[in-house]
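Chemist: Full structure from sequences and hints, please.
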Amino acid sequence: MNFKKSINNIQEFKEIIAKEQYYGNPTFPFSQENDFEELAEFFKGKSVAIVGPAPDLNGQHKGEEIDGYDIVCKVGSMYNINDPENYGSRIDVLFNGCFPSHYKLDDFKNHNIKRIICPIKPCIPNLLDVQKRDIYGFYKKLDDYHKDICFNNISLFSCYIDNVMKTRATLGTFAILFLLNMELKELGIYGFTWLFGKQQYNKQYHDFNKRIINPHGTKMEIEARFIKNTIKKKNFKIICSIEVKNILDTFN
Numbered sequence: 000m001n002f003k004k005s006i007n008n009i010q011e012f013k014e015i016i017a018k019e020q021y022y023g024n025p026t027f028p029f030s031q032e033n034d035f036e037e038l039a040e041f042f043k044g045k046s047v048a049i050v051g052p053a054p055d056l057n058g059q060h061k062g063e064e065i066d067g068y069d070i071v072c073k074v075g076s077m078y079n080i081n082d083p084e085n086y087g088s089r090i091d092v093l094f095n096g097c098f099p100s101h102y103k104l105d106d107f108k109n110h111n112i113k114r115i116i117c118p119i120k121p122c123i124p125n126l127l128d129v130q131k132r133d134i135y136g137f138y139k140k141l142d143d144y145h146k147d148i149c150f151n152n153i154s155l156f157s158c159y160i161d162n163v164m165k166t167r168a169t170l171g172t173f174a175i176l177f178l179l180n181m182e183l184k185e186l187g188i189y190g191f192t193w194l195f196g197k198q199q200y201n202k203q204y205h206d207f208n209k210r211i212i213n214p215h216g217t218k219m220e221i222e223a224r225f226i227k228n229t230i231k232k233k234n235f236k237i238i239c240s241i242e243v244k245n246i247l248d249t250f251n
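So for the sequence shown, this note's numbering puts the first residue at 0; every next one is plus one.
Simulated from the structure, these hints should not be mistaken for laboratory data. There's no promise every hint is true.
Stated by the list, open to error - Think about it this way: if two alpha-carbon atoms lie no more than 25 Å apart in a straight line, the pair counts; the simulated BS3-like pairs of lysine-lysine are: (1) K43 / K184; (2) K103 / K139; (3) K113 / K4.
Modeler: Written out as structure tokens, the structure reads:
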């Protein structure tokens, strides 16, 4: 992946995080090179499933197929979805925002999560996000508390992606794009619709309506289009479940 994996001074910082509102004075030098090297080795040559929480997976009975991958990744609070028949039973990797306002230290216990990857852009030492949350501080507390879970911070990748797309993408999009940039054997993408449409989400999994504009105020179509174009350039096998395929097929 051709992007900066460390920040050495304030000028580099301002270039990297140009599209993100923040508070505070970040501490430099700050490097994620070890995180990216570790993850590249972890995913290399593996078949990987990335599963989102879209209720469109209900009734598809994809659980056994999902659990058949070498590594199963899920996003956000999907450890609360107890539906192995449709969403699979495994969470080897959880892409999670590590927001101190959303989670408690012990929320990830007893879910057999092996690794947590935080792609949130302000997850940088002594930096607060737009809501003045210390995401990096809470991330470090989680890392210290959960001795049985590996933690990785890929915030600089997410900064890079948003700068390229000229948007503020969602966690699921960062997760998919990160995996598309790994040297995989195969990638399966399940349970993502980028909130397109008007129908109500299944209340068991979400408490908001589907939206075309994401919570950051930018069009989610930008994310879906970028993912489709990235998939076209990859030379490993990529499988999209029907709801993912239907969304991506709407774009030329």
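Chemist: Which of the listed hints are not met by the structure?
Modeler: When the structure is compared with the hints, none of them turns out to be violated.
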